[in-house]
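> What follows is the residue order along each chain.
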Amino acid sequence: MIAQNIAFGILAASSVLAAIRMVTTKNVVHAALYLVVVLGSVAANYILLAAEFVAVVQLLVYIGAIVVLFLFGVMLTRAKLGHEGELDNDQRGLAAVTALLILGILGYVLVDYFGDDKLPQLNRTHEQLNATRGTGAVGNAIFSTYLIPFEVVSVLLLAALVGAIVLARRD
Amino acid sequence: MLLNQFLLLGAVLFCIGVYGVLARKNGVLVLMSIELILNSVNINLVAFGMMGGDAAAITGQVFALFVITVAAAEVGVGLAIVLLIYRNRTTVDLDEVDLMKG
Amino acid sequence: MLAAAFSRPEIDYHAFAPEIVLVGALLLILVVDLLFEDRARWATSTLAGLGLLGALVPILTLAVDGGDRSMFGGAYVVDNFALVLKALFLIGGYLTVLISTDYIGEGDYYEGEYYFMLLSSLLGMLVIASARDLISIFIALETLSIPAYLLAGWRKRDLKGNEASLKYYLLGVFASGVMLYGMSLIFGVTHSTVLTVIGERLAGGGASVPIVTVGILFVIIGFAFKVSAVPFHAWAPDTYEGAPTPITAYLSVASKAAGFVALLSLVFIAFEGRSDVWQPLFWVLSALTMTVGNVIALRQTNVIRLLAYSSVAQAGYMLAPFAVAGHTGVNQAVESVVTYLLVYLAMNIGAFAVVMAVARKTRSGELSSFGGLFEYAPGLTVLTSIFFFALAGIPPLGGWYAKLVIFRTLLDQPTVWSVVLAVLVGVNSAIGLYYYASVARETWMRPVPDEDRTPISVPSSLAAAIGLCAIATLAIGVVPQIVARFAHLAPFGS
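Residue numbers (my numbering), protein chains in the order written: chain A, 1 to 171; chain B, 172 to 273; chain C, 274 to 767.
Be a bit skeptical, because a hint or two may be false.
Computed cross-link-like contacts, BS3-like style, restricted to lysine-lysine with a CA-CA straight-line distance of at most 30 Å [stated by the list, open to error]:
id, chain 1, residue 1, chain 2, residue 2
1, B, LYS196, C, LYS429
2, A, LYS26, C, LYS433
3, C, LYS433, B, LYS196
4, C, LYS634, C, LYS429
5, C, LYS634, C, LYS433
6, A, LYS26, B, LYS196
Derived by calculation from the structure, the hints in this document are not laboratory data.
Starting from the given sequences, assemble the full structure and let the hints guide the process.
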């Protein structure tokens, strides 16, 4: 238990610090790399929460594909690799106040309702876990209970693919 | 472990994302901030799933997987639009992309 | 290894037939466009139209068959509500195809892909009408939005078009993020994503906790962006002006209707027990939306922007029944919103279609370019007046019945708040009349700019769309029982 709490502390600290740096840095490429740190820490959090399939998908899709897309985007829009002009608009103060206000509200309602609720201890073998809430069970659910959103998402991805090519191609 | 430690981490990431969306004016950076928001949602979904038995655990994970999938599609589309603007305007500065003054 | 048991889901293919036909049509368009390139460019719009009409057939057979079909543990329901709205989306989509045909065919656009995207977006709408589960609603919402972001920027070389797409995209994605955070909180409290289960668990005691309030607030704010409610409307006028005009018509009608449909099922099934949270919120949204939309519309000199702000204002009228649904009962609120959507579909697409017809000659959307329209296009002038006065709510044109239903809902069981809101609707209708009439005045009384009186040639598909909308607008106005009957069927099945 203590080991998990220490792991969580390290992950939480690194993801929050990286996220703050990501929204404040003056360099677009650095921002993308800070995003990798956040995404990696979040993936490790999923492992702590016994959701190993989501963790792997997070690594593959987010870090493997989305961050690469971001870097392509930065490269193709020729953002300079060093420091560049102003990346922030002049509403930083207002934005910070809004964000802190929302954080205050969310912090209050979360602590108010969930208080000291503890995550349940799962004393199950790997096989039992797989059959009840692990990768196997998630796979079964996607192809039975969540079949409709799964099929619709395939059309969504096709449309996004075709449309993105149409808009981004040079003609 | 407490449920709330994950939820509060999610809340902090959500608020940092909101700050980024409001304060950044580079299109790509705004998109990255939106990814922070989606990640905070996923932490919430997976953590909440832990609390409600096996069915809820599966639902939470499946929901998170769908959010990740849609996020990938959204980023692809978003970068296509940013690229299009850059090609026509040579800028991704959102303050300059304001012909119509809504 | 202990294998998890997979149980094959029961699938009612009849219930999914409209979606299957639509997916078939959109894939066919993609293949035809790929194989025949330029020779078959015209065919793609025909295919899209046929696909949409084809998808209406199973809706009719399902309606004749009757009975509610509920699948996947209540996550996907085909009831009368879903059928009426699916029909509305398909007809809206068909009218969009009709007004697009010549606009897209003549311009320098990717044509096959255009109809493919349009049909993908419509698929999302068909699904959202039946979705009764947070995951399905989210996926359907994204499926209808992502193609719409791209279609808004379809005029690739036009800077305003690029800007339209970017603004719509960024605000849309941000709104989805906020909505998802709200959904995650609701899921956390109820441990379910099925709306009926959420409804039961929130209605059962202990629901009046702040976390549920915040969750509902975030979800509704996310949708407020979608239906362009003030103060979340900033994207709408710019996107409407920059997007290709048929897409503007589509966004202001179909995509807005889809946002309302999702709001109806979320608020009235899942959040029904918490009317103390959403009633005041909708009251404020509704009052702000109609007032701000109308006041800004007054100052517009571009007809497309005028229609954009008018559609913001119309969303305010449609939000009004939500603000009193806690007292008057859910059914009446659903009925009045669906009525408004049905009438609004005919008159707003009609208004955009006549503007497009005039713009074929004038190449401009400025109000002054409509001057003296009567002298060289008397037919179009009469039609313009029909649609704009219908939007203003003048009897015997369709719009009055929609307004009447809203008033009836607001004043059915009057409270101070609902009466104030009804007065606001009245005042705003008067403001609306002023600017809608200003368009008509321009066409009847003002001089022709540049003395250019060459007649306008309206291509047949655009003329068909205008004709259909005009007939519907007049018919609804004279015999409102037509929509009343459909809307009366609409409330949610068991």
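> If a hint holds in the structure, say so; if it does not, say that too.
Hints, verified against the model:
1. B:LYS196 - C:LYS429: Holds, because 22 Å separates the two Cα atoms, which is no more than 30 Å.
2. A:LYS26 - C:LYS433: Roughly 29 Å separates the two Cα atoms, so the pair holds.
3. C:LYS433 - B:LYS196: Holds, at about 18 Å.
4. C:LYS634 - C:LYS429: Roughly 23 Å between the alpha carbons, so the hint for LYS634 (chain C) and LYS429 (chain C) holds.
5. C:LYS634 - C:LYS433: holds (21 Å)
6. A:LYS26 - B:LYS196: Given pair LYS26 (chain A), LYS196 (chain B) holds - Cα atoms ~12 Å apart, limit 30 Å.
When each numbered hint is compared with the structure, no violation occurs for any of them.
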